[in-house]
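S.K.: We have chain A already, so just place chain B on it with the hints.
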Amino acid sequence: MMDLRLIFTLIAIFTIVTGCKGEVMSNSYSHDELSIESIERQDNGSTKIVYSTILETLYYCPGANVTEKKDGIHIEFVRCPIDDLCNVTHPLKLENDKEYIVIEDVEKKLYLKTKNDLIKI
Amino acid sequence: MSDMILGIHSNVSGDEAGFTSGHAWISIRRGGKTTVYGLWPDAHPKTLDNGDKSDIRVGMESRSRPKASRYYKLSDAQSKHFNALMRANVGWTYTNTCSAWASDIVESVIGEDVDSDDYFGFETPRELGKSSEELEKKDPTSILSPKKLTKNPASSTQTSGK
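Chains A and B, in that order, give the protein sequences.
In case it helps, the working numbering puts the first sequence at residues 1 to 121.
In case it helps, the working numbering puts the second sequence at residues 122 to 283.
Just chain A, same shape as in the assembly (with noise of 0.2 Å):
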C-alpha cells in the first residue's frame, strides 16, 4: 500500500504542473460528453428531459442547475466529484436505468449550458 503522505505530495505536484497547464477541473460536461436523447412536454405542463452523459470513475452526474435567463431557461448539468454532494436545482431521477429530470410550467425557450456552448434545444 502506497504511502498517503506520498499520494497527497504527488497530487499536490500535480496540481501545480496541471495548473501551469492551464488544465482546470470543470463542474460542466462539454458538448460531446452529454447527450439529450428526449425531451417530453407532460400533461400537467412540466418538460421531461431524459439525458445521458459520460460514465466516470471519479465523477457523476447528480442533476441539473435549471435557471432563468432573458433569453430562456439554461439548464446546465453538473459534473461532480464523487466524494461531493452537489447541491442542484434540478436532482436526477431514475426510470428504468434512464436519468431525467423535470422542469416544471416552462414557457420560455430551452437552452443546454455545456462547458464551451449554449445550444437552443
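Since the hints were made in silico from the structure, they are not lab data.
Take the hints with a grain of salt, since some may be wrong.
Short, incomplete list of chain A residues facing chain B, as computed with Cβ under 10 Å [unchecked claim]:
no.: 1; residue: Ser52
no.: 2; residue: Ile54
no.: 3; residue: Glu56
no.: 4; residue: Thr57
no.: 5; residue: Leu58
no.: 6; residue: Tyr60
no.: 7; residue: Pro62
no.: 8; residue: Cys80
no.: 9; residue: Pro81
no.: 10; residue: Ile82
no.: 11; residue: Asp83
no.: 12; residue: Glu95
no.: 13; residue: Asp97
no.: 14; residue: Tyr100
no.: 15; residue: Ile101
Below, computed lysine to aspartate or glutamate pairings styled on DMTMM-like, alpha-carbon distance capped at 25 Å [stated by the list, open to error]:
no.: 16; chain 1: B; residue 1: Lys167; chain 2: A; residue 2: Asp32
no.: 17; chain 1: B; residue 1: Lys167; chain 2: A; residue 2: Glu37
no.: 18; chain 1: B; residue 1: Lys167; chain 2: A; residue 2: Glu95
no.: 19; chain 1: A; residue 1: Lys115; chain 2: B; residue 2: Glu137
no.: 20; chain 1: A; residue 1: Lys113; chain 2: B; residue 2: Asp136
no.: 21; chain 1: A; residue 1: Lys98; chain 2: B; residue 2: Glu137
no.: 22; chain 1: A; residue 1: Lys98; chain 2: B; residue 2: Asp170
no.: 23; chain 1: A; residue 1: Lys93; chain 2: B; residue 2: Asp170
no.: 24; chain 1: A; residue 1: Lys48; chain 2: A; residue 2: Glu107
no.: 25; chain 1: B; residue 1: Lys258; chain 2: A; residue 2: Glu107
no.: 26; chain 1: A; residue 1: Lys115; chain 2: B; residue 2: Asp136
no.: 27; chain 1: B; residue 1: Lys167; chain 2: A; residue 2: Glu107
Just so it is clear, CB atoms sit at the ideal spot from N, CA and C, and this is done for glycine as well.
M.R.: Only chain B this time, still in chain A's reference frame:
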C-alpha cells in the same frame, strides 16, 4: 478453440481529456453476447457499496460508447485464465484504477501492453485510450477481426486482493 473475444475500451483519449476524466473497461464477446466488466470504487453513487467484496462490476458500461477499443481472440487457455481473473477479489484504489486493472487484464491474458501510465505513474483512461489508438494504427483490430493469438502468456494466475 474458444469463441471468446476480449475487448479493452476507454471513453476518453489523449491530453485533451483531463487527468481524472473518463473510464476504462473490458468486454467479452461469447456466443454472440457481450458482457462488460469494470473496476469501480464503492464510493461511486452508481455502485452499491459491497464492503470487502470485489470492485469488479458487471454490466455498468453496457450502454457506453468507447472512444478507443482494441480486440483479441482468446484461446481455450486464455479464456480459462480470463474467467479466473474475473472471479478474483480486486479492490479499486487510486493506485489500482479502472485503467490499471483493464491494462493488467490484457497484459496477463494476452501479453500485450496497452499502456495506461500517466503522470507520476498514476494510470488513467486518457492514457489507455491514447495507447490503444496508437496500437490500432500499427495493427488494427475490430470485434469482427480481433488480434489473433501469437503466444500464450496465460500461464500464471493474477491475484490482487483487497
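S.K.: Any of the earlier hints contradicted here, and which numbers?
M.R.: Going through the list in order, the structure violates hints 12, 14, 15, 21, 25, 27 and respects the others.
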